[in-house]
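**Q** The sequence shown: position 288 = 288 (the working numbering), numbered continuously.
Don't take every hint at face value.
With a straight-line Cα cutoff of 27 Å, these simulated DSSO-like cross-link-like pairs (lysine-lysine) come out [to be verified]:
hint	residue 1	residue 2
1	K232	K30
2	K57	K427
3	K254	K52
4	K437	K273
5	K146	K166
6	K247	K122
7	K427	K474
8	K33	K16
9	K474	K437
10	K122	K16
11	K196	K132
12	K27	K146
13	K110	K33
14	K30	K16
15	K254	K232
16	K474	K439
17	K146	K157
18	K122	K110
19	K467	K413
20	K467	K412
21	K262	K273
Note that these hints are calculated values from the structure, not bench results.
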Amino acid sequence: MSWGTELWDQFDNLEKHTQWGIDVLEKYIKFVKERTEIELSYAKQLRNLSKKYQPKKNSKEEEEYRYTSTRAFVATLNEMNDYAGQHEVISENMTSLITGELSRYVQELKQERKSHFHDGRKAQQHIETCWKQLEASKRRFERDCKEADRAQQYFEKMDADINVTKADVEKARQQAQLRHQMAEDSKAEYSSTLQKFNSEQHDHYYTHIPNIFQKIQEMEERRIVRIGESMKTFAEVDRQVIPIIGKCLDEITKAAESVDHKNDSQLVIEAYKSGFEPPGDVDFEDFTQPMKRTISESSLSNSRGDGRSEPKFGGKSKGKLWPFIKKNKLMSLLTSPHQPPPPPPASASPSAVPNGPQSPKQQKEPLSHRFNEFMTSKPKIHCFRSLKRGLSLKLGAGPEDFSNLPPEQRRKKLQQKVDELNRDIQKEMDQRDALTKMKDVYIKNPQMGDAASVDQRLAELGQNIEKLRLEVQKFEGWLAEVEGRLPARTEQPRRQSGLYEAQNPSAVNSCAQDRESPDGSYTEEQSQETGMKVPATDFDDEFDDEEPLPTIGTCKALYTFEGQNEGTISVAEGEMLYVIEEDKGDGWTRIRRNEDEEGYVPTSYVEVYLDKNAKDS
1 MSWGTELWDQ FDNLEKHTQW GIDVLEKYIK FVKERTEIEL SYAKQLRNLS
51 KKYQPKKNSK EEEEYRYTST RAFVATLNEM NDYAGQHEVI SENMTSLITG
101 ELSRYVQELK QERKSHFHDG RKAQQHIETC WKQLEASKRR FERDCKEADR
151 AQQYFEKMDA DINVTKADVE KARQQAQLRH QMAEDSKAEY SSTLQKFNSE
201 QHDHYYTHIP NIFQKIQEME ERRIVRIGES MKTFAEVDRQ VIPIIGKCLD
251 EITKAAESVD HKNDSQLVIE AYKSGFEPPG DVDFEDFTQP MKRTISESSL
301 SNSRGDGRSE PKFGGKSKGK LWPFIKKNKL MSLLTSPHQP PPPPPASASP
351 SAVPNGPQSP KQQKEPLSHR FNEFMTSKPK IHCFRSLKRG LSLKLGAGPE
401 DFSNLPPEQR RKKLQQKVDE LNRDIQKEMD QRDALTKMKD VYIKNPQMGD
451 AASVDQRLAE LGQNIEKLRL EVQKFEGWLA EVEGRLPART EQPRRQSGLY
501 EAQNPSAVNS CAQDRESPDG SYTEEQSQET GMKVPATDFD DEFDDEEPLP
551 TIGTCKALYT FEGQNEGTIS VAEGEMLYVI EEDKGDGWTR IRRNEDEEGY
601 VPTSYVEVYL DKNAKDS
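All chains should be modelled from the sequences, with the hints used to inform the complete structure.
**A** This is the structure in structure tokens:
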């Protein structure tokens, strides 16, 4: 089956068909180009999508990715990034193996087709020229034969006419012979031309044209094979990345299977656990017994007489129980952290035991006694100092020992700080070791450098390491204090500390019933169930006529205490002082040395002797 024998007369159709084949090839190249552009665009969109949902560095989002579900999501994003990379590989391979190769092949194919059809047209022009020569020879032979016949007829006519001279007859005879000779020559030429044409025509249709058409057929078949191979390569390029894409999908599946709901639940506990015990049962108070009124009744009646609001009981006044504090924060006030006082030293020096046991807690007083004290107490100016400190903590970075956090969260922060400092120490030590080795090399080979040049840097590294070790000891002390307290925390939650106000400034305005603690905080002891209304107090008037608290007993200092925090007072061992407010369960006792010196000392540092009347009240 050959185009040369079967399609010998379809030169024009073959020309059209081969041009159509090239158009198909160019169309396929355009298709592959658009596919590569789609793959690149898809890969770019996938990368942008993965980048968009990646956790931001040094942000709150990054902390949320410690859960297994969110870590699996991050792994999915990373795998999608690799997945996008495989689509980029598809685009690159298709561009190099298909688009580039076919584009070069199309140019070669066009040149080859042009050459073949040029040869075909040349052969056709040659056979057409031979045909024209044959036609001309034929017409000349035909013309000469007709002229020879006419000359013969004229001779015969002249020869038969008796009136014509012999010379005219001879002339007509010669002319007829000449024409016959010309006809014979034309015949011979025509015969020769015809033989030559037949030979050329045979070669044209059985040799030249078949050869040309055969080359055109082979060219077209190569084009068909090439486009088929390109289509196969098109599939192979995709198939080559399928294993890697499968690995990406397997990693996504593996990440999904690593999601552990139990572990995530435990992480939530670790993230938000405060370390406090739930509040215990509330004691029943029998209000059928007449309430013992203290000396504060006179001041209460005076405040009523001065036009100040009266304390009321009932549900309607419950909304005004805590001035400037929202109701939904009331229970948080009762369970907020409180900085404990320092434990008593094992010897006469208060620094002998840096992390000793906590001071024993006194029994919490009945609610009625606290109510009487609440009604008689007056707002103190130091309450606003505590408010100022609380706001400064809120606006600032917080205390260095993280005492504004719940115990469990504080322990985690301290542990992180200790680990960070240890890493810094290790880095400094590595630098010091490297410089020490360098110095040894300089000592052995002075030509390489001056050994004294690294001494200053070694000294700086030693100082840095010493500072960092001191920081580690400080934070480890706080960490040991927190870890020592957490397991044994079985008492009722401590009273509200000013460190809570550092996070909730709205809670500091209940200072008319508070007292300041030595660590810069103020505590309070009120119950939501009392439903009482706080007497409206004109603070501007109270600042000027503030009355000192009465003494309720005496105490003897068992150890020396250096009162360095605001609100505390320094005492010497064996010193006798006046007690003006006993320990309310937070480990601090308020004492007075003279009219101008008063403050808090740890209860475990003094021996208290309360007056009998104070005990009865």
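**Q** Evaluate each hint against the coordinates.
**A** Comparing the hints with the structure gives:
1. K232 <-> K30: holds (17 Å)
2. K57 <-> K427: holds (23 Å)
3. K254 <-> K52: holds (23 Å)
4. K437 <-> K273: Answer violated: K437 to K273 is near 48 Å, above 27 Å.
5. K146 <-> K166: holds (25 Å)
6. K247 <-> K122: Status violated; Cα separation ~61 Å.
7. K427 <-> K474: Between K427 and K474 the Cα gap is close to 20 Å, so the pair holds against 27 Å.
8. K33 <-> K16: Distance of about 26 Å is within 27 Å: holds.
9. K474 <-> K437: violated (31 Å)
10. K122 <-> K16: holds (18 Å)
11. K196 <-> K132: Roughly 12 Å separates the two Cα atoms, so the pair holds.
12. K27 <-> K146: Violated. K27 to K146 sits at ~63 Å, over the 27 Å cutoff.
13. K110 <-> K33: Status holds; Cα separation ~20 Å.
14. K30 <-> K16: holds (21 Å)
15. K254 <-> K232: Violated: K254 and K232 sit about 33 Å apart, past 27 Å.
16. K474 <-> K439: violated (33 Å)
17. K146 <-> K157: holds (17 Å)
18. K122 <-> K110: At roughly 18 Å apart (the allowed maximum being 27 Å), K110 and K122 satisfy the hint.
19. K467 <-> K413: holds (20 Å)
20. K467 <-> K412: With a Cα-Cα distance of about 22 Å, the restraint between K467 and K412 holds, given a limit of 27 Å.
21. K262 <-> K273: Answer holds: K262 to K273 is near 16 Å, not above 27 Å.
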